[in-house]
Amino acid sequence: MRGATRVRWAVGVTVVALTAAACGGGDSGGGGSSGGSGGGIVRASWGDPQNPLEPANTTEVQGGKVLDMIFRGLKFYNPKTAKAENMVADSITTTDSQNFDIKLKSGWTFSNGEPVTSDSFIDAWNYDTQLKNAQLNASFFQYIDGYDKVHPDAPGAKASAATLSGLTKVSDTEFKVRLNQKFALFPDTLGYAAFDPLPKAFFTNRSAWLAKPIGNGPYQISSYTKGSKMELKKWDGYKGPDPAQNGGVELRVYTDNNTAYTDLQAGNIDLVDDIPVSQLRNVKADLGSRYINQPAGIIQTIAFPLYSPRWSSANAAKVRQGLSMAINRDQITKQIFEDTRTPASDWTSPVLGDAGGFKKGLCGDECTYNADKAKQLISQGGGLPGGHITITYNADTGSHKEWIDAVCNSINNALGNNKACVGAPVGTFADFRNRITNKQLNDPFRAGWQMDYPLIQDFLQPQYFTGASSNDSHYSSPTFDSLVNQANAAGSTSESVSKFQDAEKQLVKDMPAIPLWYQNGSAGYSSNLSNVALNPFSVPVYNEIKVS
Amino acid sequence: MGRYVIRRLLQMVPVFIGTTLLIFVMVYGLGDPVAAMFGDRTPDPATAAQIRHDLHLNDPLIQQYWIYMSGIFHGDFGKASTGQPVSELLKSAYPVTLKLTIVAFVIEAVIGVALGLFAGMRRGRFLDTGVLAITLLVVSIPTFVTGYVLQYLVGVKWGIVKPSVGDGAPFNQLIMPGLVLAGVSLAYVARLTRTSVAENSRADYLRTAVAKGLPRRRVITNHMLRNSLIPVVTFLGTDIGNLMAGALVTERIFNIHGVGYQVYQGIVHNNPPTVVGFVTVLVIVFLVANLLVDLLYAVLDPRIRYA
Numbered sequence: 001m002r003g004a005t006r007v008r009w010a011v012g013v014t015v016v017a018l019t020a021a022a023c024g025g026g027d028s029g030g031g032g033s034s035g036g037s038g039g040g041i042v043r044a045s046w047g048d049p050q051n052p053l054e055p056a057n058t059t060e061v062q063g064g065k066v067l068d069m070i071f072r073g074l075k076f077y078n079p080k081t082a083k084a085e086n087m088v089a090d091s092i093t094t095t096d097s098q099n100f101d102i103k104l105k106s107g108w109t110f111s112n113g114e115p116v117t118s119d120s121f122i123d124a125w126n127y128d129t130q131l132k133n134a135q136l137n138a139s140f141f142q143y144i145d146g147y148d149k150v151h152p153d154a155p156g157a158k159a160s161a162a163t164l165s166g167l168t169k170v171s172d173t174e175f176k177v178r179l180n181q182k183f184a185l186f187p188d189t190l191g192y193a194a195f196d197p198l199p200k201a202f203f204t205n206r207s208a209w210l211a212k213p214i215g216n217g218p219y220q221i222s223s224y225t226k227g228s229k230m231e232l233k234k235w236d237g238y239k240g241p242d243p244a245q246n247g248g249v250e251l252r253v254y255t256d257n258n259t260a261y262t263d264l265q266a267g268n269i270d271l272v273d274d275i276p277v278s279q280l281r282n283v284k285a286d287l288g289s290r291y292i293n294q295p296a297g298i299i300q301t302i303a304f305p306l307y308s309p310r311w312s313s314a315n316a317a318k319v320r321q322g323l324s325m326a327i328n329r330d331q332i333t334k335q336i337f338e339d340t341r342t343p344a345s346d347w348t349s350p351v352l353g354d355a356g357g358f359k360k361g362l363c364g365d366e367c368t369y370n371a372d373k374a375k376q377l378i379s380q381g382g383g384l385p386g387g388h389i390t391i392t393y394n395a396d397t398g399s400h401k402e403w404i405d406a407v408c409n410s411i412n413n414a415l416g417n418n419k420a421c422v423g424a425p426v427g428t429f430a431d432f433r434n435r436i437t438n439k440q441l442n443d444p445f446r447a448g449w450q451m452d453y454p455l456i457q458d459f460l461q462p463q464y465f466t467g468a469s470s471n472d473s474h475y476s477s478p479t480f481d482s483l484v485n486q487a488n489a490a491g492s493t494s495e496s497v498s499k500f501q502d503a504e505k506q507l508v509k510d511m512p513a514i515p516l517w518y519q520n521g522s523a524g525y526s527s528n529l530s531n532v533a534l535n536p537f538s539v540p541v542y543n544e545i546k547v548s
Numbered sequence: 549m550g551r552y553v554i555r556r557l558l559q560m561v562p563v564f565i566g567t568t569l570l571i572f573v574m575v576y577g578l579g580d581p582v583a584a585m586f587g588d589r590t591p592d593p594a595t596a597a598q599i600r601h602d603l604h605l606n607d608p609l610i611q612q613y614w615i616y617m618s619g620i621f622h623g624d625f626g627k628a629s630t631g632q633p634v635s636e637l638l639k640s641a642y643p644v645t646l647k648l649t650i651v652a653f654v655i656e657a658v659i660g661v662a663l664g665l666f667a668g669m670r671r672g673r674f675l676d677t678g679v680l681a682i683t684l685l686v687v688s689i690p691t692f693v694t695g696y697v698l699q700y701l702v703g704v705k706w707g708i709v710k711p712s713v714g715d716g717a718p719f720n721q722l723i724m725p726g727l728v729l730a731g732v733s734l735a736y737v738a739r740l741t742r743t744s745v746a747e748n749s750r751a752d753y754l755r756t757a758v759a760k761g762l763p764r765r766r767v768i769t770n771h772m773l774r775n776s777l778i779p780v781v782t783f784l785g786t787d788i789g790n791l792m793a794g795a796l797v798t799e800r801i802f803n804i805h806g807v808g809y810q811v812y813q814g815i816v817h818n819n820p821p822t823v824v825g826f827v828t829v830l831v832i833v834f835l836v837a838n839l840l841v842d843l844l845y846a847v848l849d850p851r852i853r854y855a
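Chains A and B, in that order, are what the protein sequence lines are. Those letters in the first sequence? Residues 1 to 548, by my numbering. Those letters in the second sequence? Residues 549 to 855, by my numbering.
Source of the hints: derived by calculation from the structure; they are not laboratory data. Please read all numbers here as calculations on a predicted model, not as lab measurements. Think of the CB as a built atom: it goes at the ideal place given N, C-alpha and C, for glycine as much as any other residue. Mixed in with the good hints, there may be bad ones.
To be verified - With a Cα cut of at most 30 Å, we get these calculated DSSO-like pairs of lysine-lysine: (1) LYS318(A) with LYS229(A); (2) LYS705(B) with LYS212(A); (3) LYS80(A) with LYS546(A); (4) LYS647(B) with LYS229(A); (5) LYS158(A) with LYS627(B); (6) LYS226(A) with LYS760(B); (7) LYS158(A) with LYS169(A); (8) LYS318(A) with LYS419(A); (9) LYS212(A) with LYS627(B); (10) LYS760(B) with LYS233(A); (11) LYS627(B) with LYS226(A); (12) LYS200(A) with LYS229(A); (13) LYS233(A) with LYS105(A); (14) LYS705(B) with LYS284(A); (15) LYS627(B) with LYS229(A); (16) LYS647(B) with LYS226(A); (17) LYS83(A) with LYS546(A); (18) LYS627(B) with LYS546(A); (19) LYS83(A) with LYS132(A); (20) LYS639(B) with LYS229(A); (21) LYS212(A) with LYS226(A); (22) LYS639(B) with LYS212(A); (23) LYS80(A) with LYS505(A); (24) LYS647(B) with LYS132(A); (25) LYS105(A) with LYS182(A); (26) LYS226(A) with LYS546(A); (27) LYS229(A) with LYS705(B); (28) LYS318(A) with LYS80(A); (29) LYS182(A) with LYS132(A); (30) LYS200(A) with LYS627(B).
As the list claims (entries may be wrong) - Reference excerpt, derived from the structure (chain B facing chain A, CB under 7 Å, subset only): (31) ILE565; (32) PRO581; (33) ALA594; (34) ALA597; (35) GLN598; (36) LYS710; (37) ARG800; (38) HIS805; (39) GLN813; (40) ASN818.
Construct the complete structure from the given sequences, taking the supplied hints into account.
Here it is in structure tokens:
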């Protein structure tokens, strides 16, 4: 019965959509992009990318969207399962988790006709690493042998080599990679945009390339007006298994996601991938089933400055566990975030899937609200240092104030002391980051981690391994480190994942950061579109979208 | 007259240097822009050091200001975070905002003066009270409220115009944003004109004009309006700068890629050259608009002379 109703409903929607499309075609005039000829165009909202559109220089999602459409790397993360699958690579083999033999599929080309060879990768990776090019993602190449020569870590040091000694070309379709340590999951990291190949056109004339990037993905850029819009059209010469299902994509820059949402309601745009907070109450009524809300590879935590004497004692771990249990995650995600966050019970993300290392409830009681137990643990640990704590956050973006206040409220209520916790705003994000990097904070601060590739390693190692690049807490545990090393040296992926989970269990004991919630990705689309989905990075899978 | 203009232009130099220095210090005081580039990730020290070196961030502030200013005189405003020269952004954004300002200015001047004139001439009557009540209402509602409400009603609910402005910002799409942007100033202009007209309608020279038997039209346009416009012109002149700067909110609501949009991007991406470059040009607009207003006084009132 229910099925039948749904079908009828769907038919109704389609009819309405068709009528709307028919009407829309006539008066859209200037837009001129909707409707039939050669597969429709998806008109989607966009933000101005923060950095130049180079693979290794793009750290945020807006630039990432474009790279996702115009590039394909050695591996590609399946949009549904997040599993890394071979794309340009034919095979990646190793016997010792340290030396990898990469064979490429033949026949791939860039959209300017240049073939994709092993040189396209080796030259790109060398360029990305070189210090003088100051690529923001250079550190992704740190496991490749010779990285420290091309990109010395100390500020002011000069590079003593221009190429990574760990990369050896065998033939046009084969090259070898030698790492400076064992890293079993290395092949699975190669789906990240920083590892994309670059055509010779990039090296001969970089500024022309940046004005209109050329890649090897399902789309090519037909026009790019910086700060305003980008038009991409389906590239017919694309060799991969996932060609575009639509004629192209038009990305329009919006400064205010409210305006983008209004344009969606008015039928001016087809796809909005960030629903404004103020519209969350209406979005289900406005869009119905055309609203997507699913976990993304982003976890938010409260991190502790373990270098500060306030938090470095052995007993302080109990206080941190107590604080974690004093936070009512269910209530906050419901009241403040309208269910656009999912309460966290481990330090990874549901997008990894069980096979990838996500384990619901790994943190156990320590991440479950229990006011009595919280009070007890904190007093066992010697009470809050100095009687009260602050939680530092940046006030300029992301409306963090609301939830920080809610977290503090929850802690205050649990402890029966309304002065136990207050929020401490910092004016700008840059200043906030500076204080963290310069170890100026003595009390917990908000932290967020957006995964680079869907691997448990990426959630744990950069943040909690001794001396790791984003270990803002300066957490150091020999047990954790040795388990991570074992995981990296493991023979198989599943063995590696289970070792990483063992390491994660150490975080429950030490609680260097309190997991709060997984951030969801959201999107809404017009009735012109079908088959819209978000990938594990909460970016719409543009090439699969069908336009009616 | 010529000497007066030259003197005023020379006075602009220290004002210009002072304001840009202040803006420069304030913007660069926001914090290290390099930290924000990496997002939540801790920057790797070598890359960060290289970027700081490239952007001269290690030099003392006054030297950075010197480098920046000497760049400006060669037409080099630095680079935005996307690697695009700020001068290119200026070229693409200012015409758009200028168009919006013109639309808003015309709406404000024409409707504002007309409303004020009618209200002033029918002082105490129904029309006058009506104008006073409506302008009070407009002044008390913030721009972003009128913006969002109009956008929703006209753009979505009734579907009369597009809720956002398309590429290149054609004039016909700028009418709604222009109305929103002009709203508050329009109310001020109407009230200023009304008071001024009401006052002058009892002036001696006006009675003389009527007594001479001049046609009513001529009395109103040549004698009453011309004399009543001096305070209004002062307001309108300074308002050009305000409209351009105030477009920040309106441009965001209607997705117009003008000055407000670029300044906002510059602040969000923590990119000082963008912010300083755009505000510097705004400073010049303010200075020039002020000079023009002062010169207009002499045209309107022959008693005012500049030597």
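Verify the proposed pairing of LYS229(A) with LYS705(B), using a straight-line Cα cut of 30 Å. 26 Å, holds
Given the proposed pairing of LYS200(A) with LYS627(B), does the C-alpha separation stay at or below 30 Å? 25 Å, holds
For the pair we were handed, LYS647(B) and LYS229(A), check the Cα-Cα distance against 30 Å. Within the cut-off at roughly 20 Å; holds.
30 Å limit on alpha-carbon distance, applied to hinted pair LYS627(B) and LYS229(A): This hinted pair holds, its Cα atoms lying about 20 Å apart.
Can you confirm whether the C-alpha distance between LYS639(B) and LYS212(A) stays at or below 30 Å? 20 Å, holds
With 7 Å as the cut and Cβ atoms as the points, is ASN818(B) at the interface with chain A? Hint on ASN818(B): holds, closest Cβ of chain A at ~5 Å, below 7 Å.
Within 30 Å, alpha carbon to alpha carbon, are LYS639(B) and LYS229(A)? 17 Å, holds
Given the hint that LYS158(A) pairs with LYS169(A), test it: the Cα-Cα distance must not exceed 30 Å. Satisfied, since the Cα-Cα distance of roughly 26 Å is no more than 30 Å.
Please verify whether LYS158(A) and LYS627(B) have alpha carbons no more than 30 Å apart. Since the Cα atoms of LYS158(A) and LYS627(B) sit roughly 25 Å apart, the hinted pair holds (cutoff 30 Å).
Is the straight-line distance between the alpha-carbon of LYS318(A) and that of LYS229(A) 30 Å or less? 52 Å, violated
Please work out if LYS233(A) and LYS105(A) have their alpha carbons no farther apart than 30 Å. Distance of about 24 Å is within 30 Å: holds.
LYS627(B) and LYS226(A): Cα distance at most 30 Å? The hint holds at about 13 Å.
The structure shown violates the earlier hints numbered 1, 2, 6, 10, 18, 19, 24, 28 and 31.
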